[in-house]
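A.B. asks: Sequence:
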Amino acid sequence: MHAEDRSRKVENSRTSEAGAGWTCGRPGTFLRLMPEHVRAFSWRRPSVLWRSRNDVVARLWGDPSGRLRRRAVAALTERGAPAAFTMHRPEREFSFIIMGDTGEGDRSQYAVVPPLLSVGSDTDFLVIASDVIYPTGDTGDYEDKFFRPYAGYPGPIYAVPGNHDWYDGLRGFLNVFCELDMDCTPSWNGRLAWLARRLWRRSGAVDPAELAEVRSRYRGAPGQRAVQPAPYWAIDTPALRIVGIDTGIRGGIDEEQGRWLRGVSAGPKPKLLVTGKPLVVEDMHHPDPIEGGGTVDDIVRDPANHYVAAIGGDIHNYERYPVKVGDRTLQYVVSGGGGAFMHATHIIPKTTIVDESDYRCYPLRGDSLSRYSQLYGRWFRMPWLFNLTPREATAAVERRTGIRSARRYDDGETVSLRARFVAALLGVPRGKQRRGRLQRLPVKRIPQRFRSEMADWDNPPFFKSFLRLDVTETEVRVRCYAVTGCGEHETDPPVEDEFVLPLR
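If you count by my numbering, then the sequence shown holds residues 80 to 583, one letter each, in order.
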């Protein structure tokens, strides 16, 4: 049965708790895909935090991504990269997958694989938007966090790097996706530059023979092989141009990439942007600066460039904002649910960038609060205080925010004082809460390296997701498929959102 017909028969989180994965009928089969011995990935480990210290170095001494990227691009150009780093495909109608923030190598990443292959095995290619490998993008982590999980995907896989891929100077990413190895050690000038050089974690060792053997073992079929021209690139087809940009560690792009982006964005052909940093997320606008002036979003919103959507990873959930720009609608999408821990949606206030009735997110705010309440109940060993059922959490979110949930409960739910207390404590905003107010517990408002351990689990529902895009000469149909980890949802994954991008 075609995915289009199959998806209409499956409940999703907007219709029932079972559709959200709260009541699994049978366990998922994804465990069979995992290595025999997998060390649970945890941001609580000091060793993981220490390996990720390049984020702090980049914040204190400046992001070296631009300088390293220019060196890589120069080497790729000298090697003979295609003009404008553009890959050409002749198909007038085709399909592809987008998913972001994949590579923790644990259960939540592998849970995505069966539904991905079920609805995506007939697609032409796959794009990973941000953070292919956690925590630091080393080449040695690619076997179990990239090649093994996607061994069954028959098409080529392209990617745009995220901040974690840059924590080794992008050496692993360049070796795997561009087949380029180079010295990725940055340099700094000025005060305390010696300390930055001392603290910066150097990239892991690369064994070309071992990498070639791993590639051949898992993704060695002719249809799977692909070499992308650079960390940023374009895929040009008769109906649509897909533009992928590299936003480094801190976000934003260097002047050289900015000139390339302006050039590849010009002209009447419809375009879709794939970026490591979403331009609109959590009801906030992040236009992404371009070195030398202007922003990425300026280019996206310029009607002369004919963009129809901007899709980014980095934040680990699904969000969609249909923003009116002049006489057209631009779809700003967050698609970061490809495998890493889940970022909360219950902390997102009633939207102001678009009308709340037009906004979509997955997981629903009530499901997010319920899952986080269980995590905090376990963390503080007080489930009797924190744990909220999905019904209780949904009612608490509705009462506190004034937002009507998409999933209705017929008998109504009295919101207990305990539920209201937990909702306030875990950061559910009031309906008229002032933007930027500090949340009570570290659900979102402090850096990722301190909050992420509160947002990871190894049992359903996982609340992961990916996008399937079907392109014709006149439109792009986009569907967001949910990944719960339940066996009944592996062959028939729920469709959480669906929309069409007109190309004419």
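Hints are computed from structural coordinates only; laboratory data are not their basis.
By construction, the Cβ of each residue, glycine as well, lies at the ideal position given by its N, Cα and C atoms.
Some clues are possibly wrong.
Taking lysine to any residue and the SDA-like style, the derived pairs with C-alpha atoms no more than 20 Å apart in a straight line are [unchecked claim]:
1. Lys348 / Arg486
2. Lys429 / Glu477
3. Lys429 / His365
4. Lys429 / Asp381
5. Lys429 / Ala503
6. Lys403 / His385
7. Lys429 / Arg168
8. Lys403 / Arg486
9. Lys429 / Arg483
10. Lys403 / Asp377
11. Lys348 / Glu170
12. Lys403 / Tyr438
13. Lys429 / Lys348
14. Lys348 / Glu477
15. Lys348 / Arg171
16. Lys403 / Trp458
17. Lys348 / Gly330
18. Lys348 / Arg499
19. Lys348 / Thr316
20. Lys348 / Arg439
21. Lys348 / Pro382
22. Lys403 / Arg556
23. Lys348 / Gln410
24. Lys348 / Pro301
25. Lys403 / Ile426
26. Lys348 / Thr551
27. Lys429 / Arg439
28. Lys348 / Tyr297
29. Lys429 / Arg499
30. Lys348 / Tyr438
31. Lys429 / Met363
32. Lys348 / Thr165
33. Lys348 / Pro581
Distance windows between CB atoms, simulated [stated by the list, open to error]:
34. Ser197 / Arg509: 55 to 65 Å
35. Arg509 / Ala284: 21 to 31 Å
36. Arg460 / Ser266: 42 to 52 Å
A.B. asks: Are any of the numbered hints broken by this structure? If so, which, sorted upward?
C.D. replies: Numbers 1, 4, 7, 8, 13, 14, 16, 17, 18, 20, 24, 25, 28, 30, 34, 35, in rising order.
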